[in-house]
Amino acid sequence: MYAFASRVFPLCRSITGNGVRETLGEVAGRIPLEIHEVPSGTQVLDWTVPEEWNIRDAYIATADGRRVVDFGESNLHVVSYSDHVRQDMTLEDLRPHLHVHAERPDWIPYRTSYYTRSWGFCLSRNQLDALEAGTYEVVIDSTLAPGALTYGECFLPGQNEDEIVLTTHVCHPSLANDNVSGIAVLTELGAALAGLPRRFSYRLLFIPGTIGSITWLARNEGRLSRVIGGLVIACAGDSAPLSYKRSRRGETPVDRAGAHVVGRSGGRILDFVPWGWDERQFNSPGFDIPVGCLTRSLEGEFPEYHSSADDLDLISADRLETALQATLEILDVLEHDRTYRNLSPRGEPQLGKRGLYRGLGGPDPGTEQLAILWVLNQSDGSHTLLDIAERSGLAFSDIRRASDALLEAGLLAGAP
Amino acid sequence: MYAFASRVFPLCRSITGNGVRETLGEVAGRIPLEIHEVPSGTQVLDWTVPEEWNIRDAYIATADGRRVVDFGESNLHVVSYSDHVRQDMTLEDLRPHLHVHAERPDWIPYRTSYYTRSWGFCLSRNQLDALEAGTYEVVIDSTLAPGALTYGECFLPGQNEDEIVLTTHVCHPSLANDNVSGIAVLTELGAALAGLPRRFSYRLLFIPGTIGSITWLARNEGRLSRVIGGLVIACAGDSAPLSYKRSRRGETPVDRAGAHVVGRSGGRILDFVPWGWDERQFNSPGFDIPVGCLTRSLEGEFPEYHSSADDLDLISADRLETALQATLEILDVLEHDRTYRNLSPRGEPQLGKRGLYRGLGGPDPGTEQLAILWVLNQSDGSHTLLDIAERSGLAFSDIRRASDALLEAGLLAGAP
Amino acid sequence: MYAFASRVFPLCRSITGNGVRETLGEVAGRIPLEIHEVPSGTQVLDWTVPEEWNIRDAYIATADGRRVVDFGESNLHVVSYSDHVRQDMTLEDLRPHLHVHAERPDWIPYRTSYYTRSWGFCLSRNQLDALEAGTYEVVIDSTLAPGALTYGECFLPGQNEDEIVLTTHVCHPSLANDNVSGIAVLTELGAALAGLPRRFSYRLLFIPGTIGSITWLARNEGRLSRVIGGLVIACAGDSAPLSYKRSRRGETPVDRAGAHVVGRSGGRILDFVPWGWDERQFNSPGFDIPVGCLTRSLEGEFPEYHSSADDLDLISADRLETALQATLEILDVLEHDRTYRNLSPRGEPQLGKRGLYRGLGGPDPGTEQLAILWVLNQSDGSHTLLDIAERSGLAFSDIRRASDALLEAGLLAGAP
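As they're listed, the protein sequences go chains A, B and C.
One point on numbering: in the working numbering, the residue at position 142 of the first sequence is 142, and numbering is uninterrupted.
Heads up: take any position in the second sequence, counting from 1, add 1000, and you land on the working numbering.
Heads up: take any position in the third sequence, counting from 1, add 2000, and you land on the working numbering.
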């Protein structure tokens, strides 16, 4: 995943344009991906698909032609969706178009202006301080014109048509944790899910933030009743512990699975707030689809957020891997959470004669033994395996292993 | 309010008598007040209105006519409802009738004997210790005779007939925090409410403790079905933070409003106990009217409670003012808590084109933006503004401001 | 109780055999006890009553006849249910049959092998280390043969047929806290209950662990619908504070009574786990009879657990007595928890004229006064005395005393 992240990091993504297409091309090299192009001007819910933005070059140069700010060095230097500009300006006139980081003199901030026509440059405070009064050549060689909004969709059918939606945003330029890390983890998740048996169907969406989920929701309203929940994956590579942010409803299956897995990993469980990434759109009251959020840091929570310091040094292969594994564990809970009935419910069955009990009595039952006793005690048709895991304080995986052993011993059966 | 408090502080109030009438006269100088006189002997619920008590003078004097304890110096010196006395007594015989403060040698305690005929003097331990053996002239020039129980009622009609009852007790003599402070705050609250638009009707009661609320309840049983809740206001001037004591039911609108406002002010939220002031009568099981209590210290909680040290130095103008403002805020929540419906509930509406969103993307949404997103997200017809304030952790006032902006933008409508 | 405990301590109990019979004989000397003998081979639920085990002697002796391990010194020396053995063995061959304590070199561990045919000795690590290589005479003079499983039952009828089951396990040899202490407390509890008026019927069971409750449940299925709950009593004599472990259902009357009494004593309230003693069988999902557990330490929780250090020095007369009193208090709550109706529910009744209120007003109501006000306030037919005790934070006994006074004053009546 780190190598994949390194490959897509340099691309200049925005909410539309060729940077998104090139990124989706990399994803399509790893998993089957359907690319959708939605024309500018298409009405999507309360929004309109904007014109497509592309940029070739941008710089601020001194009178003698020296580039003092250069898009070629960092694609953060240009405010995303900046208008085309080619003019000579005094520093004084240019100044309102220059943005620096509020706290760190050596970091370039990341700024956008998608829905208000404008233009600007981002640079470090050190760069700004070095600019001398005088006239500069200011060039942004961009086009904002009718085109399309591009997103990618990977559908993995399961035994039944109930779908789980997994999304990540593909609209940020060279920012590693937010959100090259999410793109890498979701891509690899798709590859892993493709190789697993699936009870549910999975739909992986690689979409620009906000307008992407708005667009997908608008184009798929007929399908939404099948979506039982989902996850937004983002900021998966920094050094913070894992976080699970609940959906609006707060206690749905995906929330309980997310809280169980992330809670046991030592991570944070956060209540829903209508701020964050594309979960906001799924959790709007007219849809109310329970989509949670799997991250490490939240947006705005790490100092490097939305600056040039969110680079490939901020993320690591290990942390991408544990984020992927946690996501797979959450989906494993969803896939295997079932309700069973104890077939020998009056008193404990004699486990010893079935090889499920230690012979020589001693003080400590051990996790395996306890898990068996919990499953037997709680399997009256009204508690799922996750209920049992939560009540017992044991891991879902231990409870599931116990239920498998009891099924094999004929002591358990699926409840209607 | 402090000036008002200073004016009524010297009056010798009890549960009946001219001290109450003079106090109500001061209140009537500020707000419209109906004075009720209920004859002694009237049966009120399980109680009987007692005879009226008035006192002109009282003292203990030495053989040579020197007053060693003098009602003229402090009206706490006489046990309230003391019988008429005029006799010479040895110190030894007098002793069982003398009460001192259990802990502080320089404080005069406050004692009453409303329902058991008795008489007595309260004095400081220093005064008692200075008394020499010998014979004293003991005079209590009081009358306990058929008369009336007096209380005041200020009714402020609103758009609908649902009533909120606001009460304070007017039966304590020269004690500042308990409860000249409550009388001052309730009077000023009446003046403020009179000048505000009102959805609910308000009934302010200035009543003697226990027997006063018993009497009002007995005489207004036909009206009680309209009373949706209320507040007792007392001990509003001392240096303790604000307290809200819940009603018996515990989670009614007045409780939630009280807990929200007082909780956010850094004050205490206390569960109902059947001990305190007149909320006890409203919250009795046969009425079960949810009346909470807004105070600073509770009764019995501050060392100066029911002693001569509860004087005008114990209360301050600032603290009376913040108690008044908190009460107004609680009533503001009750007045404006409504349920709305998001008219663009599928996805977030595009706020930018309606001037409700910042143009240039940055990390921190700010309270105003968050409040708008919360109101949109939760307004599905099942959450009130107070529900949203509590879930979001924002102030009711912020949420209400957001709902006003969204109403104006046509994105919100009242739910049925 | 300590004397009783000392008397039964030396007996070599197991899940069957004469040690159990002799122990039940001691119990029968104090309370009326029906002895049941259930033949080996009887099918009981998923189990079969095992053969009866008795032991006369056992030892390991050196070639010169010196007993280096001797059952006569401690009945823990033999693994319970060991097969008959009489042979000469090298230390090397004997070694797999020798068990020592994992942590303490001077303690003999306690081991059993009820359902897997086997044999073995337990000894201290010091004893083991002192054994020299060579040949030993190894003798276990035991019989495992068709016989019976023995248990004792004491039934105390009450005003109605609803039963409370009280059990303790009688299968451990010379171990004082686990569970001579439980046998002593349950016996004395029977004697105390026999002398009290009883609303409920009580059934005291002195049974071998697991197989005993399985057997009783199998033989009494027709009666189980009358069993409203119960308690397992065990480990009642060590120095840990009292513990109440909830039943599977968690909030039944016995759970609430147990949590109230043990919680107020400063003890621990523990959630149900399907590990422990015979509560496991009652709480199995097919029966779901709410049986809690009253202990000091839990099984496995004290270092001396299942070792020779669990001797008579570990328990004390005082601690047995407070465990007995707590159990009686729990049963007192169950016996007397009722719902009442305040007959003067509108406002507070005037308590003074009924002698239920102090004459001279002062600041602190005192527990007695508060309890009266709480009972009046909450007795609307929907709260029991225990509900009121829990809401008020007062003891059930204080609330019950208040309800008695109010009943006598005609202010309270039983609710339908």
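Hint data in this document are derived by calculation from the structure and do not stem from the laboratory.
If you're wondering where the values come from, they're calculated on a predicted model, not measured in any experiment.
Glycine included, every Cβ here is placed at the ideal spot set by N, Cα and C.
Accuracy of the hints is not assured; some may be wrong.
[As the list claims (entries may be wrong)] Only pairs whose alpha carbons sit at most 20 Å apart, straight line, appear in this in silico SDA-like list of lysine to any residue:
{"id": "1", "chain 1": "B", "residue 1": "K1353", "chain 2": "A", "residue 2": "W47"}
{"id": "2", "chain 1": "A", "residue 1": "K353", "chain 2": "C", "residue 2": "Y2115"}
{"id": "3", "chain 1": "A", "residue 1": "K353", "chain 2": "C", "residue 2": "G2041"}
{"id": "4", "chain 1": "C", "residue 1": "K2353", "chain 2": "B", "residue 2": "G1366"}
{"id": "5", "chain 1": "A", "residue 1": "K353", "chain 2": "A", "residue 2": "A409"}
{"id": "6", "chain 1": "C", "residue 1": "K2353", "chain 2": "C", "residue 2": "E2368"}
{"id": "7", "chain 1": "B", "residue 1": "K1353", "chain 2": "B", "residue 2": "H1336"}
[To be verified] Covered stretches of chain C (in silico footprint by chain B; criterion: 3 or more residues with CB under 8 Å from a CB of chain B, positions within the stretch not fixed):
{"id": "8", "region": "2037-2046"}
{"id": "9", "region": "2263-2273"}
[Stated by the list, open to error] Which residues of chain C face chain A? A partial, calculated answer using Cβ under 8 Å:
{"id": "10", "residue": "N2126"}
{"id": "11", "residue": "Q2127"}
{"id": "12", "residue": "G2286"}
Enumerated hints in conflict with the structure, sorted upward:
Those not satisfied are hints 4, 7, 8, 9, 10, 11.
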